[in-house]
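The task is simple: from the sequences and hints, build the whole structure.
Number of protein chains: 2
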Amino acid sequence: MEILHGNAIVGQSGGPTAAINATLTGVIRGALDEIAKEGGAGITHLYGMRNGVDGLLREDIVVLDELFAPDADGKYTALDRLTLTPAAALGSCRKKLPAAGAVGEAEIMDRLFAIFAKYDIRYFFYIGGNDSMDTVAKVSAYAAKVGYPIRVMGVPKTIDNDLVGTDHTPGFGSAAKYIAVTMQEILRDTAVYTVPAVTIVEIMGRDAGWLTASAALGRLVSGIEPDLVYLPERPFSHEQFFADIRKALARHPNVVVAVSEGLECADGTLVGEGTQSGAVDAFGHKYLEGTGKALELAVKAEIGCKVRSIELNLPQRCAGHLVSDQDITESLEVGRNAVVAAVSGVSREMMTIQRVSSEPYAFEIGHEDIFKIANQTKCVPAEFINEEGNHVTDECLRYLLPLIRGERYPEYKDGLPCHWILK
Amino acid sequence: MEILHGNAIVGQSGGPTAAINATLTGVIRGALDEIAKEGGAGITHLYGMRNGVDGLLREDIVVLDELFAPDADGKYTALDRLTLTPAAALGSCRKKLPAAGAVGEAEIMDRLFAIFAKYDIRYFFYIGGNDSMDTVAKVSAYAAKVGYPIRVMGVPKTIDNDLVGTDHTPGFGSAAKYIAVTMQEILRDTAVYTVPAVTIVEIMGRDAGWLTASAALGRLVSGIEPDLVYLPERPFSHEQFFADIRKALARHPNVVVAVSEGLECADGTLVGEGTQSGAVDAFGHKYLEGTGKALELAVKAEIGCKVRSIELNLPQRCAGHLVSDQDITESLEVGRNAVVAAVSGVSREMMTIQRVSSEPYAFEIGHEDIFKIANQTKCVPAEFINEEGNHVTDECLRYLLPLIRGERYPEYKDGLPCHWILK
Chain A
1 MEILHGNAIV GQSGGPTAAI NATLTGVIRG ALDEIAKEGG AGITHLYGMR
51 NGVDGLLRED IVVLDELFAP DADGKYTALD RLTLTPAAAL GSCRKKLPAA
101 GAVGEAEIMD RLFAIFAKYD IRYFFYIGGN DSMDTVAKVS AYAAKVGYPI
151 RVMGVPKTID NDLVGTDHTP GFGSAAKYIA VTMQEILRDT AVYTVPAVTI
201 VEIMGRDAGW LTASAALGRL VSGIEPDLVY LPERPFSHEQ FFADIRKALA
251 RHPNVVVAVS EGLECADGTL VGEGTQSGAV DAFGHKYLEG TGKALELAVK
301 AEIGCKVRSI ELNLPQRCAG HLVSDQDITE SLEVGRNAVV AAVSGVSREM
351 MTIQRVSSEP YAFEIGHEDI FKIANQTKCV PAEFINEEGN HVTDECLRYL
401 LPLIRGERYP EYKDGLPCHW ILK
Chain B
1 MEILHGNAIV GQSGGPTAAI NATLTGVIRG ALDEIAKEGG AGITHLYGMR
51 NGVDGLLRED IVVLDELFAP DADGKYTALD RLTLTPAAAL GSCRKKLPAA
101 GAVGEAEIMD RLFAIFAKYD IRYFFYIGGN DSMDTVAKVS AYAAKVGYPI
151 RVMGVPKTID NDLVGTDHTP GFGSAAKYIA VTMQEILRDT AVYTVPAVTI
201 VEIMGRDAGW LTASAALGRL VSGIEPDLVY LPERPFSHEQ FFADIRKALA
251 RHPNVVVAVS EGLECADGTL VGEGTQSGAV DAFGHKYLEG TGKALELAVK
301 AEIGCKVRSI ELNLPQRCAG HLVSDQDITE SLEVGRNAVV AAVSGVSREM
351 MTIQRVSSEP YAFEIGHEDI FKIANQTKCV PAEFINEEGN HVTDECLRYL
401 LPLIRGERYP EYKDGLPCHW ILK
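Note that the protein sequences, when read in sequence, are chains A and B. Numbering of the first sequence is given in this note's numbering, commencing with residue 1 and proceeding in unit increments. Numbering of the second sequence is given in this note's numbering, commencing with residue 1 and proceeding in unit increments.
Any given hint might turn out to be false.
If several chains are the same, the list does not tell them apart, and a pair holds so long as it fits within one copy or across any two.
[What the hints assert, rightly or not] Think about it this way: if two alpha-carbon atoms lie no more than 25 Å apart in a straight line, the pair counts; the simulated DSS-like pairs of lysine-lysine are: (1) Lys118 with Lys145; (2) Lys306 with Lys96; (3) Lys413 with Lys423; (4) Lys118 with Lys95; (5) Lys96 with Lys247; (6) Lys75 with Lys423; (7) Lys37 with Lys75; (8) Lys118 with Lys300; (9) Lys96 with Lys413; (10) Lys95 with Lys423; (11) Lys247 with Lys75; (12) Lys413 with Lys75; (13) Lys95 with Lys306; (14) Lys95 with Lys300; (15) Lys247 with Lys423; (16) Lys96 with Lys372; (17) Lys378 with Lys306.
Treat the hints as calculated values from the structure; they're not laboratory data. Every value quoted in this text rests on a predicted model; they were computed, and no experiment measured them.
What follows is the structure, encoded as structure tokens:
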């Protein structure tokens, strides 16, 4: 394979994670290695697009190999700080490129490729989830169509772990660890009183229950886990739910339940739509209270005991202070290997993590045809959910456990973590 | 002062914190030191009451000097694990002892003192917040009344930092650190998009705004903080709030606001009562949506931009994975010194922390007459809040900063923290 000479560009897209900057760090390290090579190196400069393709279309670009050049003493202080900075340091976007043949496709895509040509961009790295892989597929396809030589690589990240073609996604392990640890702390907190009480913890995941399943990881470690776990992969029945809660309350006073934000009833209505509560605000808007809050109100009305709901909300995806060392290690490797693969000739592929074994855990970095990956969702398989649909199996937890192992802490100054912030 | 010989008992009460077991650890260490003394030692055994005075009245008691005896090799493994276990390891209660002269006072208090006599209890340590100091005062007063020789000590803990007589309370620094760090992470997360959006973060504190003020600590460290901070010490005006938000949105697209759960309008209605939304659920119950959610709905209706609310909820008081080293150090010292003080003759006092200087920070442990402390609330003083009532002053942040300094991490096994759990 002939070496393709020119510049590279990297962007971040979709929802933030605590590890997306570790992946970016990996891409920067890989590119700096290439740039440092004597003669014959593929990459001259690494650009960063601010706010993904949205910013790229406005030529909102920074020069990353200059921003992250080593210090005078050869240390990579800025890059080390970037690694554990949560949320996309380059900014993100939710832009979807137009489909092939759609109205306005040529205008936007020609604009994009004119910018590629202007900056002599021959390597395109896009870090993101499902929608971002769609962008990668479209850029790949258009490059082939117009015959512009560029290597286009998808670099996965998503806390949702719902991408196909990879054992799991960078960013998932850290979110899963935050959820598993926080669940243990909530279990300690709710255990202190003797009054019967139900605590409902709402966890992210609209279509896939991977994060909610992680709330049960204590089973394999401390033996203590939430009483009940409900994933969006199974239709939700309020009747069954009340029966499950009553059974749990008969066993002990402090019942803790983990629910996915995306729970749906058999008729397709979202549990969080609040249709059971029927609440409407003063302005006539339907009250979207969220799954946890809706179930809190339902339990209060049906069972009448003390009940509280907790929405883990943004912290579960941006808690850079509590990351999985395994996840950060893999995120760095996935980013670095994306550059190595692209320079060696790979294109139109998404980087993947292949599990070699679970105990002891071992992985390999690979890549997979982007057109086999984009716009699909990997859900929790049937054998990972118990028969009653109210908990996860040991097999599920054995899959999850290696991904949350190990701790890595950011540097602190005056009690607060040191983040790298783009000016 | 004559040495008082007999047994000691310790209990935990009120809401959990991430440091309440560090204080318990301090009491246990202090008692073990006394027990180990050759001849003349005041304390023979240290008992623990399960679920505070509630459990004590049922004689639900454990022997702590046996549970936390050193290992064969002289190491205190269990005690070290207890230190960073969040939430009251002995269980808690919300029981208020009857007031002097109230109906049923004699029955309950005589029962309590009969249990003291049965177990030869001569030292009573009660770790808790405002209500718990009320218990300490009542036990002290009744002991004097019936002439039962016992030394009664209040050992403060509360994330709310609202006890008088002490510069701050054990447990506050760790909750403040969790809030300050999480706020930095939320600021990173919300900064990734360019669409105008308001994020409202609801923080604990019904009467005192100390925790909400801590959300602004980034100002002194990274220079980045929430745009607006509202404490319950000032009456809340929706009109002013909307004007503040509009001004902030004119400056930049991602506006972040910290609000206390206890915000009240000038007419005394709670902002979180949801009266502005007027929502009622299907069962006719008034919808208590919480302060953050109520303000989210209000901003959506009034300004119409993207808006999200985040309730930090239980994790802010039980996040043992992210504690302030300064807070843990002080919590241990307060517990240990309570035993030293009691054995040396002190009684009817609450342990206190006195600030010797802020920069460099230095403290001393003291104690104060419990009758001067119980049933009072220390609010954020006027000079700590800006004139507009929508932020905190530098002076406030300089008071807070030393309390969140330093990190201390629990031991982990298989990705999860090792907690000490009472069987």
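Structure versus earlier hints, numbers of those that do not hold, lowest first: 5, 8, 9, 11, 17
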